[in-house]
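Listed in order, the protein sequences are those of chains A and E.
FYI, UniProt numbering numbers position 153 of the first sequence as 153, with every residue one higher than the one before it.
FYI, UniProt numbering numbers position 125 of the second sequence as 125, with every residue one higher than the one before it.
Hints were generated in silico from the structure; no laboratory data involved.
Accuracy of the hints is not assured; some may be wrong.
No more than 30 Å apart at the CA atoms, straight line, and that leaves these computed lysine-lysine pairs for DSBU-like [as the list claims (entries may be wrong)]: (1) A:Lys354 / A:Lys319; (2) A:Lys354 / E:Lys122; (3) A:Lys73 / E:Lys72; (4) A:Lys232 / A:Lys124; (5) A:Lys409 / E:Lys40; (6) A:Lys354 / A:Lys284; (7) E:Lys131 / A:Lys354; (8) A:Lys23 / E:Lys8; (9) A:Lys180 / A:Lys124; (10) E:Lys78 / A:Lys263; (11) E:Lys29 / E:Lys122; (12) E:Lys40 / A:Lys346; (13) E:Lys78 / A:Lys364; (14) A:Lys284 / E:Lys43; (15) E:Lys29 / A:Lys284; (16) A:Lys160 / E:Lys122; (17) A:Lys364 / E:Lys43; (18) A:Lys364 / E:Lys40; (19) E:Lys72 / A:Lys361; (20) A:Lys357 / E:Lys40; (21) E:Lys8 / A:Lys354; (22) E:Lys122 / A:Lys284; (23) E:Lys8 / A:Lys346; (24) A:Lys263 / E:Lys122; (25) E:Lys29 / A:Lys36; (26) A:Lys357 / E:Lys8; (27) A:Lys23 / E:Lys29; (28) A:Lys319 / A:Lys232; (29) A:Lys346 / E:Lys29; (30) A:Lys409 / E:Lys8; (31) A:Lys357 / E:Lys122; (32) E:Lys78 / A:Lys160; (33) E:Lys29 / A:Lys357; (34) A:Lys364 / E:Lys8; (35) E:Lys78 / A:Lys180; (36) A:Lys124 / A:Lys60; (37) A:Lys364 / E:Lys131; (38) A:Lys361 / E:Lys131.
This is what each chain is made of:
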Amino acid sequence: MSPYFHSVTLDEVKCKGCTNCIKRCPTEAIRVRKSKARIINERCIDCGECIRVCPYHAKKAITDSIDMINDYKYRVAIPAPSLYGQLKSAQSRDHILTALKMCGFDHVFEVARAAEIITNETIKMLEDRKFPGPLISSACPAVVRLIQVRFPNLIDNILKLKSPMEVAAKIAKDEVSRDKKIRREDIGVFFITPCAAKVTSIKAPFDKEKSFVDGAISIVDIYLRILSALGKIEKAEKLGSASYVGVRWANSGGESTALGTDKFLAVDGIHNVIAILEEIENEKLEDIDFVEALACQGGCLGGPLTVENMYVAKTVIKKFIDEAKEKKFETTSNENYHYDLVWTGKVEYMPIMKLDKDFDKAMKKLETLHDINSGLPGLDCGACGAPSCRALAEDIVRGNANETDCIFKLREKVRNLAVQMMELEEKMPPVLDRDEASEIKSKKRGDIDEG
Amino acid sequence: MTYGIIRKDFVIPANDFTIAGEASSCVKKMLIQLGVDPQKVKKTAISMYEAEINAVIHANGGIAEVEIDRNKILIRIKDDGPGIPDLELAMQEGYTTAPDSIREMGFGAGMGLPNMRRYADKLEIRTEVGKGTIVEITVFLTDN
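Please model the complete structure; the sequences and the hints are all you need to start from.
Given below as structure tokens:
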């Protein structure tokens, strides 16, 4: 897999080359060229913000088609907890899980269950206190990528535990191969995803380990099938194994609330996340032990591949959380699961903003950048295809743009040119000059007298 | 061989906490673009931020002069404020002269100067009561 696989991609046909996405991208990863948005691969963190803001639906997430499950003999669906928030008509969580199973799967295992395992492990880590400053949740892959490209000093703060999705896939594969005596390669595990970032984390994991998940199907793609299956259920199977603690992970703040500490901060929405990460980097949040940062507003319930309005979804999932509480599910311990939950690979800083490998050259470029920037109008209009005047100045010093890409600069040049032309228009070579006024001028100049 | 030097000046506005910190975050951005080691970027950003906030709280703002060359980052924060009568006392953690109104906003905890000393490689303060203060922060980029 290429080092820059991205789930977020562009539909060339639909893209009109407007400025909506370039202005919203948190890593300034999009430029418009030839009236199409181009994503700069090394900068994209797959947060899906552009998918959300594109009025032409030209930004999309590459996910796997439902037909892909047919490549495997035994198919397991592992739904993100956010799925529950999409189905307000469902009687219970078991109904949703049964309907999901009816979409062509042999087994369903809740990611919410694995989330509880991560919760228990996180509590242990918080007790050990072997980390600098607050621990930052790694549940949102877009946030981990953001830290990698913009907050290198916070890489050590990332909670380096496998994601609930990975743990769920591993457990599902282990259990099925053990209990049903099915070869591991015949088992296909599919994540039902609310977002693009999760897809990327499956295809190109940041700790460079191979994912246990075989495919990712978006909630949008499978929604109608689940809905129609819900209507056909006679008796729901008992498939739900998670308690309210795991189900609550779908909400922003759900992961932190389970940790039993008040010293947590939950932030959602990628631009809000950036503001909080700045605070942590400047050591302004030292009395906080745990930071739950989610790229989407409203957490995973607000994922770009979900169906239901985020606020509606919040109300719907509350019902299922309460239901899980009524049934008095206990927060189960990790005793039955002996997995290595810690990341084995290394997460490295990706200095995408660096102007040059050579410091002296970078200095020159930075100076030129400032000079160019001070000559630009500062309107940040985006008409040049860059998100701001400063970003254009940066593109120019990197050799990816020209000063005349700025329509105001171009207009200024055209005007200067027009003024020059007007000036030249007045000047005629004396031999051709038949104008009376210029004759007088010639006489005054003391030219040869005809008489 | 002569090396390039980048100079940039910033105005630190008076009494405006919402804008305070803009200069340091701008410098931070520059250093990241230069490819400066993230740890050094952090040291610079934090110590400069503290000096900036101090100028806002105590001195009605001031100016920040920043010089970057391949060996070091030099930040000079100048103000025409009241000056610091007892510098040794001011350097102590928790010592503060900030009014309650500012402390209520979460600033003025008496950590400004101690934090600057902690993060800057070199810290020089010239101050005169009634005239003003110049804080000079140096972060070295080379290890000699």
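Checked hints:
Simply put, A:Lys354 and A:Lys319 have alpha-carbon atoms about 48 Å apart, too far for the 30 Å limit, and the pair is violated. For the proposed pair A:Lys354 and E:Lys122, the alpha carbon gap of about 26 Å is at most 30 Å, so the pair holds. Restraint check for A:Lys73 and E:Lys72: not satisfied, since their Cα atoms lie roughly 62 Å apart, outside the 30 Å limit. Between the alpha carbons of A:Lys232 and A:Lys124 the distance comes to roughly 43 Å, so the proposed pair goes past 30 Å and is violated.
The suggested pairing of A:Lys409 with E:Lys40 is violated, with an alpha-carbon distance near 37 Å, which exceeds 30 Å. Restraint check for A:Lys354 and A:Lys284: satisfied, since their Cα atoms lie roughly 26 Å apart, inside the 30 Å limit. For a cut-off of 30 Å, the pair hint linking E:Lys131 to A:Lys354 is broken: about 41 Å separates their Cα positions. Taken as a hint, the A:Lys23 and E:Lys8 pair is honoured in the structure, with Cα atoms around 27 Å apart against an allowance of 30 Å.
With a CA separation close to 33 Å, the supplied pair A:Lys180 and A:Lys124 exceeds the 30 Å bound. At most 30 Å may separate the alpha-carbon atoms for a hinted pair to count; E:Lys78 and A:Lys263 exceed this at roughly 38 Å. Pair hint E:Lys29 plus E:Lys122 holds up; C-alpha atoms about 22 Å apart against a cutoff of 30 Å. The suggested pairing of E:Lys40 with A:Lys346 holds, with an alpha-carbon distance near 22 Å, which does not exceed 30 Å.
Note on E:Lys78 and A:Lys364: the hinted pairing holds, with a Cα-Cα distance of about 27 Å set against a maximum of 30 Å. A distance of roughly 14 Å separates the Cα atoms of A:Lys284 and E:Lys43; the hinted pair therefore holds under the 30 Å criterion. Between the alpha carbons of E:Lys29 and A:Lys284 the distance comes to roughly 19 Å, so the proposed pair stays at or under 30 Å and holds. Pair hint A:Lys160 plus E:Lys122 does not hold up; C-alpha atoms about 35 Å apart against a cutoff of 30 Å.
At roughly 23 Å between alpha-carbon atoms, A:Lys364 and E:Lys43 fall within 30 Å of each other, so this suggested pair holds. Under the criterion of a C-alpha separation no larger than 30 Å, the hint pairing A:Lys364 with E:Lys40 is consistent with the structure, at around 20 Å. For a cut-off of 30 Å, the pair hint linking E:Lys72 to A:Lys361 stands: about 16 Å separates their Cα positions. Straight-line distance between C-alpha atoms of A:Lys357 and E:Lys40 comes to about 17 Å, which keeps the hinted pair within the 30 Å bound.
Restraint check for E:Lys8 and A:Lys354: the C-alpha separation of about 19 Å stays at or below 30 Å, so the hint holds. Using a Cα cut-off of 30 Å, the hinted pair E:Lys122 and A:Lys284 holds, with the two alpha carbons roughly 22 Å apart. In summary, the hint linking E:Lys8 to A:Lys346 is not supported, as the alpha carbons are separated by about 37 Å, beyond the 30 Å threshold. Restraint check: the Cα-Cα separation between A:Lys263 and E:Lys122 comes to about 34 Å, which exceeds 30 Å; the hinted pair is violated.
In summary, the hint linking E:Lys29 to A:Lys36 is supported, as the alpha carbons are separated by about 28 Å, within the 30 Å threshold. Among the hinted pairs, A:Lys357 with E:Lys8 is consistent with the structure: their alpha-carbon atoms are about 22 Å apart, no more than 30 Å. Our distance criterion of 30 Å between C-alpha atoms is met by A:Lys23 and E:Lys29, whose separation comes to about 18 Å. Proposed proximity of A:Lys319 and A:Lys232 is supported: the alpha carbons are some 22 Å apart, at most 30 Å.
Straight-line distance between C-alpha atoms of A:Lys346 and E:Lys29 comes to about 25 Å, which keeps the hinted pair within the 30 Å bound. A hinted pair counts as satisfied when its Cα atoms are at most 30 Å apart, and A:Lys409 with E:Lys8 qualifies at roughly 24 Å. Taken as a hint, the A:Lys357 and E:Lys122 pair is honoured in the structure, with Cα atoms around 27 Å apart against an allowance of 30 Å. Proximity of E:Lys78 to A:Lys160 is assessed by CA-CA distance (about 43 Å); at most 30 Å being required, the pair is judged violated.
Between E:Lys29 and A:Lys357, the direct Cα distance comes to roughly 16 Å. Compliance with the 30 Å bound is thereby established for this hinted pair. A distance of roughly 14 Å separates the Cα atoms of A:Lys364 and E:Lys8; the hinted pair therefore holds under the 30 Å criterion. For the hint linking E:Lys78 to A:Lys180, the alpha-carbon distance of about 74 Å lies beyond 30 Å, and the restraint is violated. The straight-line distance between the Cα atoms of A:Lys124 and A:Lys60 is roughly 39 Å, outside the 30 Å bound, and the hint therefore fails.
Taking the CA atoms of A:Lys364 and E:Lys131, the gap is about 37 Å. The hint is violated against a cut of 30 Å. Annotation: proposed proximity of A:Lys361 to E:Lys131 is violated, straight-line Cα distance about 41 Å (limit 30 Å).
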